[in-house]
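K.L.:
Spelled out from the first residue to the last, the chains are:
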Amino acid sequence: MPTSARRERARVGAPRARASLAPQYRPERFGGIFSMHRPRGLAYVDRDYARSLGLPESPLWEGPAPALGEVPLSAPTEVHLVLSRRCAAGCSGCYVDATPDGAALSEADAKAALDRLAEMGVFHVALGGGEAVDLPYLLSVARHARARGLVPNLTTSGLSVDEPFAREAGAIFGQLNVSVDGLREDYERSRGFDGFSHAEKALRLLRAHSPHVGINCVVSRDNADRLGPLVAFAKRLRLSEVELLRFKPAGRGAGVFEDRDLTPRQAKRIYPRALWWAVRHRIRIKLDCSFAPMIFAHRPPKRVVDFFGVQGCVGGDVLASIMPEGHWVGCSFGGPREGRWDDPEVWARGFSAFRDYRARAPEPCRSCDYLSLCRGGCRVVAQAKGDWWQPDPGCPRVQAWREAHPGEPLGSARPPPAEGHKLRVVG
Amino acid sequence: MIPFGWARGRILRVAPGYNPNSSSLGVDVSFLLFGTIAVSAITFVTATAVRLWRRREAAADAHERAAGEG
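Chains as they are written, first to last, in the numbering used here: chain A, 85 to 511; chain B, 1112 to 1181.
Don't read these hints as lab results, they were simulated from the structure.
Remember, predicted model here, so these are calculated numbers, not experimental data.
Glycine included, each C-beta is placed from N, C-alpha and C at the ideal position.
Honestly, I wouldn't trust all of these hints.
Computed footprint of chain A on chain B, listed as stretches where at least three residues anywhere in the stretch have a Cβ under 8 Å from a Cβ of chain A [claimed, not checked]: (1) 1138-1151; (2) 1157-1171; (3) 1174-1180.
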């Protein structure tokens, strides 16, 4: 980013003591983004709108304005800071292969990385692991994020959450979610140990200190048809949201993916079910980015899904991760290493394994109305099914295409060898 | 003074809430139930919040300038 743009961003977005809930702003080539705290969320506006608010002209506004999503953002809006691969729970499908002695970012490195993210203009950081709560410096790192104008958010297993932690965490974190993949025996079946009572206790403790507490639920073949009671449970605890996450073939999850991946019928039903649960229980239901093809298969109005930012793989654009070993990746589930967190050039030059799919998308993605939003679905699932550059084989539209073209392999968006993309799944 | 009512340009997208998940990006599908009505309502709320903030900023800047000159 040009130095002048960085100065401008710092000045315009500088939080003032009298208005800690004031939105922050950063210019983008299409216009700009506001990070709002009341109501919570990100608002993307075009150049004219920013000008009408009296915001200064940006060097990024030279030349014609691209459409939103046409070019990568000047920085991610959110970064996943994977603090460690350290966790004693031993979940059978752990995405980061966490062990009790796994690698971790040091406190100093984590804080320095947050400084770098604040300079870049990142708005939100999601702290995780491993089990981030087991790190003695988690709250110190989260306070540092707040001090730098970043909103820290957290997902935890809840196993180590106690009253003092809940009190402090409730005051620091923007959103706190506990991983719960089902009630009681469903939890045990999914995670490989009986931790439901601990998770429930953590939810109650956290909820006593913050209204912004929710559940993260990994949806697999085992639990996809039994999620209604979990949503009802979240409502009973007066939680703010249930976020449903597609099971990914990463870490130890890669070894069990074939058994846990959703059936085509379950995949197609997840979106209407999510809407039903939102109505039935009057609670916010979120679907993660890898479920985007399952949403678009129902052909929701494009203008509406575009407005609310329903997107598929936004790795290396809206989103990126810093791993415990200190390197950037487009997505914490996989993709090539892109350089260390303190490398100032990495955002401008890297992430082509994520950014280049759309331009070379094969059928049936190429002719799909939702390609610009979906971006071919989950790259990590595609990789696990044979080719990083193929359409997501879990997409209902892709499955219908395969049925209509028996024996024909899926196409690939793989770039010519000269461009030399080397892929290695991390996570 | 930042005009409070009509504005040039458009709010292109609103991504509600914060994302706590440290591995993927969640999107709130509840809003999709209400289609374009939700788009209009959220646009209005967002525009109001942003413009209120900018008006306060402009007033504070004017106050600071006046204090500096005084």
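K.L.:
Of the numbered hints stated earlier in the document, which are not met by this structure?
P.N.:
3
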